[in-house]
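Engineer: Listed here are the chains, written in short residue letters.
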Amino acid sequence: MLVGILAIGVPIAIHLIGRRRARVVKFAALDFLLATKRKTAKRLRLRERLVLLVRALVCAAIAIALAKPFTSCERKGPLVTRGPQAAVLVIDDSFASGYLVDGKPWLKTATDEARRILRQLGPEAEVAIVRAAEASDQPSELTRDHMRLRDQLLALEPTARPADTTRALARAAQLLASSSHSRKTVYLISLLARTGLRTDEPAWGKDGPALVTLDLRSGKLANLAVTSLKVDPDPGAGSRGMAFDAEVGNFSDVQAKVELQLAIAGRVVARGALELGPGEKKLKRFLAALPAGTRVTDASVSLSGDSLRVDDQRWVSASLRDQVRVLLVDGDPRTVRHDDELFYLEAALRPGDREDSGTSVRTITAEELAGIDPKTRGRAPQIDIADFDVVVLANVSALPAERVAVLADWLRAGGGILIAPGDHVDPAAYDKTMLPLMPQSLRDPIDTTWGASPEDRDSRALHLVKWEADHPIFAPFAKDDTMLADAKFFKIALLGPTTATADRKVLARFTNGAAALVEASIGSGRTLLFTSSIDRDWNDLPIHPGYLPLVQQAVRHLARKHAHGTQGDHLVGGSVVLATGDLRRLEVRGPEGLGAVFEGDRITGRSSVRFGKTDRPGIYHVVGTDQTGATRDRDELAFVVNLDPRGSDLTAAPASALPPSGTSSAAPPADNRRRVELWHALAALVLLLLLAEGFLVQR
Amino acid sequence: MLRERIDPVQLSRLGTLPIKARVIVEGALSGLHRASVHGSSVEFSEHKEYSPGDELRHVDWKAFAKGDRYYVKQYEQESQLTVYLVLDASASMAFAGGGIAKLEYAGLSLAALAYLVIQQQDKAGLIACGDREIDTLVPPRARSTHLHDLLSVLDQLMTRGATGDESPATALHRIAELTRRRRALVVLASDLFDPDDETLAALAMLRAQRHDVSVLHILDPHEREFPYEGLTEFHSLESTNRMLVNPAAIRRDYHERMQAFLTRARGVLTAAGVDYHLTSTDRPLEATLLDLLVARARLQPGKRAS
Chain A
42 MLVGILAIGV
52 PIAIHLIGRR
62 RARVVKFAAL
72 DFLLATKRKT
82 AKRLRLRERL
92 VLLVRALVCA
102 AIAIALAKPF
112 TSCERKGPLV
122 TRGPQAAVLV
132 IDDSFASGYL
142 VDGKPWLKTA
152 TDEARRILRQ
162 LGPEAEVAIV
172 RAAEASDQPS
182 ELTRDHMRLR
192 DQLLALEPTA
202 RPADTTRALA
212 RAAQLLASSS
222 HSRKTVYLIS
232 LLARTGLRTD
242 EPAWGKDGPA
252 LVTLDLRSGK
262 LANLAVTSLK
272 VDPDPGAGSR
282 GMAFDAEVGN
292 FSDVQAKVEL
302 QLAIAGRVVA
312 RGALELGPGE
322 KKLKRFLAAL
332 PAGTRVTDAS
342 VSLSGDSLRV
352 DDQRWVSASL
362 RDQVRVLLVD
372 GDPRTVRHDD
382 ELFYLEAALR
392 PGDREDSGTS
402 VRTITAEELA
412 GIDPKTRGRA
422 PQIDIADFDV
432 VVLANVSALP
442 AERVAVLADW
452 LRAGGGILIA
462 PGDHVDPAAY
472 DKTMLPLMPQ
482 SLRDPIDTTW
492 GASPEDRDSR
502 ALHLVKWEAD
512 HPIFAPFAKD
522 DTMLADAKFF
532 KIALLGPTTA
542 TADRKVLARF
552 TNGAAALVEA
562 SIGSGRTLLF
572 TSSIDRDWND
582 LPIHPGYLPL
592 VQQAVRHLAR
602 KHAHGTQGDH
612 LVGGSVVLAT
622 GDLRRLEVRG
632 PEGLGAVFEG
642 DRITGRSSVR
652 FGKTDRPGIY
662 HVVGTDQTGA
672 TRDRDELAFV
682 VNLDPRGSDL
692 TAAPASALPP
702 SGTSSAAPPA
712 DNRRRVELWH
722 ALAALVLLLL
732 LAEGFLVQR
Chain B
8 MLRERIDPVQ
18 LSRLGTLPIK
28 ARVIVEGALS
38 GLHRASVHGS
48 SVEFSEHKEY
58 SPGDELRHVD
68 WKAFAKGDRY
78 YVKQYEQESQ
88 LTVYLVLDAS
98 ASMAFAGGGI
108 AKLEYAGLSL
118 AALAYLVIQQ
128 QDKAGLIACG
138 DREIDTLVPP
148 RARSTHLHDL
158 LSVLDQLMTR
168 GATGDESPAT
178 ALHRIAELTR
188 RRRALVVLAS
198 DLFDPDDETL
208 AALAMLRAQR
218 HDVSVLHILD
228 PHEREFPYEG
238 LTEFHSLEST
248 NRMLVNPAAI
258 RRDYHERMQA
268 FLTRARGVLT
278 AAGVDYHLTS
288 TDRPLEATLL
298 DLLVARARLQ
308 PGKRAS
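If you read the protein sequences in the order shown, they are chains A and B. Using the numbering used here, the first residue of the first sequence is number 42, and each one after it goes up by one. Using the numbering used here, the first residue of the second sequence is number 8, and each one after it goes up by one.
Simulated from the structure, these hints should not be mistaken for laboratory data. Here the structure is a predicted model, which means the values were calculated and not measured. You can take every hint at face value.
Taking beta-carbon pairs under 7 Å as the criterion, some of the chain A residues facing chain B (in silico):
(1) 63
(2) 67
(3) 74
Pairs of lysine to aspartate or glutamate, EDC-like flavour, derived with a Cα cap of 16 Å:
(4) A:325 to A:300
(5) B:55 to B:67
(6) A:271 to A:286
(7) A:67 to B:172
(8) A:67 to B:236
(9) A:67 to B:240
(10) A:322 to A:288
(11) B:80 to B:53
(12) A:298 to A:347
Every residue, glycine too, gets a C-beta built ideally from N, C-alpha and C.
Using the sequences plus the hints, can you model the full thing?
Structural biologist: Structure follows, in structure tokens:
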């Protein structure tokens, strides 16, 4: 550069030469010139000197610019080194990223910072963007197309999902592992909420990429949120009375007073207030009656707005629940309560034995079932089968043909039967009389633990797999849900061959491929065959969490009465199973408009459809068209979707929750100074000087 | 009018100064004949008896034939014309735009005049101004040998070149002292570049003392026209002043100022009765000399003396 700076001498030399080249005339009448044009001469001399100065500056600026000068300043952002490398920008786009900091969403600040990093990495860096919101499985790859990445950053909006930072970091590590660059860095631009970081399974080990964490939190982020909302019938408030239990969380270090309001069908019907201590959660109960003439409606509880508004409201679908009347036929009654065949089933259908459980249960023995037959009048207590929606035959020996006929008539008329085998069930006897009630004939059961030692017993057990996730019975369960999959089945009944496939459907199978749950439509009724016992004789399902929702759903499915109250538990991103009934077209409208339309092959011949575009919290209305072509709102199918309350907790994660900064990257310099290139400014200065020089010369 | 005039540049290349002077005078006189201008400043008065020492050429041979006595013609004014030639040799006279320098032009003009004056038996003297350190004075004499001396001094002055910034006014004042009220003809060859107009005042003063005063105002054509183009740095000849300027931008202004100067000089001198001749260094010297002679011949003696 010092050699280049000598170029300053060039314009000076040119100036002097030019001055020398100016014609010199020894003139006698100079006084005339001096008198007339003294001012002109001064101006000319000034212009000459300015041109000389400008040219000297141009030469100096070019020489300095070619030397690529730089300066350094205090680094405000993270350490970013320019040059060839692989880098992944992990950006938190969870719903918490909409947190307003100084009136601006945090995500805006984050994307600005990400773009700054992208700029500083330089064009030789291969960069990818990974979003940290849960279930953000968008494809991402390392690329040098920084323009596209900038566009992606600009298009980023807060999702309605909680953060899953650990998964995003793991994804970033996978991307970097495929890169051939030696320098690999993950830039984590996140709110670093502890709920998004799992300490039990770090994203990478010691050999992972370097991790640069951007702390964009301006102090502690206080947040208030409605974390839960449940609705239950409130018999004390009349037949339409409902109790709304809203749980409000104070995710801050200070006391907070919260004003709440309950709205039903969009109209505010109640208000309340809560005092919450730091980190405290409290329940607020609102009692209200559903509007007259309404059996199903939506309701919401919201609190006065704070910096994160999206979690200040929570919805629930409130319905006046129909009681399901169930007749339980006990094929193996015992005096020891827990040995009884129906011990677990009764408890599952009436948890807590509460009146508001939605199910009325009557339990009888197989012999007492004779009362359904009018011909037995006088010999047995009469039972009017029409009083029941569902009959459960639990380990019941084959019934006489006349009782089966009564049940079959009732079944075809719209009843529902659940049959569960047991040691009292003789497949051959069932084949003789019970077939009108069954979706498929039974064969001899198999005991998978036969001959096994007690130690091998568990390992030889069967498990439930491949259940119809779209079926209403399995609506509460995710795919491979451990609530069901962990249950062990030691003995199951096999099924006989059948050609009646039109109305028969296997809803679940065991790990050996054998059917576990078979459904068939008979007339207007439905029958379900569970191929293992309903108690713990053949399996341990009753002691698993999935047992209760499974049998409740099964009973309601058979009774064609689905528990709308449970729809309130849908979280953003989850799928919702909608019973289609006789509808030939079904339209789901979410908070942001049309969500999906089910028609044609997507609905014909199906008892239910699965809706998965629950991207935003709020009320999802359903419009159905039946076989007659009539279209109307199906309030009974409407559902609400809420945020995952985990994402509302913005408490900062400890540093130990982050994966270690690996060794595959060059160690960052110790000082916290940032290199600032100056040649761009010098190039601009040269341009300006050249313009000025042209202007001066033209004058 | 002169049919064949010699270019001053070519003339300057001729031999010695006396030759040049002679060439100029002959050229001018040939023009005089054509112009039919006659006259002499010397008129017959009376006879006196010859005595040794008188010039033989003044012997009246007709009277000798009649009376066999030698008589010598007495003239009304014997060598009564004293001519002071004043050469402005200040530095500004060194300027030569394209032809010869003003100093050379002035020197040649005065040399020719001296030649003519002494040929006519009149006295011619020389005073140069410009360099304050050098006192150049050739007293007026009428002898032919004096012409040689005078032209030698003039040649030296021209060879040395123009220096200094002394105004011709000093030399004019000195003439006023030397003549002591005796009438003389003062011929000044100068560019009159005198910031204080002292020269004009001194000329008027001489004229007021009944001297005949002629001024050859010599300018270079470049000083009249200012023909320069392109960026030019002008250096003063008499000072250290210099100025870088675009001539085109100031040409008009310069012309106006030059014209004002000439108008003022002519006005002041004419009003004072000074015989003023503006000439240019590209003008033939004999033409300039002829102009001077014609102008002087037209002036009547009485008017001249008044």
